[in-house]
Amino acid sequence: MKKVYTSQKGEIVSIVLWVPLLGMLGFSLWDGKWVMALIMIATCALTAVVWYGTRYQIVGEMLVVKVGPLTTSTLPISRIREIRRTQTLLAAPANSLDRLEIRYNRYDMLVVSPERPDAFVADLQRINPHIRWVAPNEVWEHAMN
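Residue 145, in the UniProt record's numbering, is where the sequence shown stops; the numbers in between run on with no holes.
Keep in mind that the hints were calculated from the coordinates and are not lab data. Because the structure is a prediction, the values reported are computed rather than measured. Think of the CB as a built atom: it goes at the ideal place given N, C-alpha and C, for glycine as much as any other residue. A few of these clues could be false.
Here are the simulated lysine to aspartate or glutamate pairs, DMTMM-like style, with alpha carbons at most 20 Å apart [as the list claims (entries may be wrong)]:
1. K66 x D31
2. K2 x E115
3. K66 x D108
4. K3 x D108
5. K9 x D108
6. K3 x D31
7. K3 x E61
Quick list of the computed label-pair ranges, beta carbon to beta carbon [said to hold, decoys possible]:
8. A135 x L17: 28 to 34 Å
9. Y107 x P69: 25 to 31 Å
10. A48 x K2: 44 to 50 Å
11. G32 x K3: 46 to 52 Å
12. Y107 x Q87: 18 to 24 Å
13. D118 x G23: 16 to 22 Å
Take the sequences, apply the hints, and build the full model.
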């Protein structure tokens, strides 16, 4: 089985990422700073490749996280213990603040933001039925205790 989930593109992350980059590109073009403009064009191109190339693949019994052409990491789905919704600001291969925190091994964590989180979790649970899916209400109740 191979399933591919692209990363959500959240409004807040989009604004925080793209407004400064495009603003710097615009100002460098406006001021005639051509070397800086070329650097900004290259930076925007690389950012776009990563932005649109971040995806999560379920390949057999592995979760493969691809961040554009830059990096690929794999995680055996059998090691996943728990998945919960989060809005953590930790650096992660996630283009939205609507994120899932995947806990695996004993203390390890991976944060992702698939476009269809419920289907993503269901596909992982089909492979590893021991994965605990912590619903948003359970997260809130746990935080209050």
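To test your reading of the hints: which numbers does this structure violate?
Of the numbered hints, 1, 4, 5, 6, 10 and 13 do not hold.
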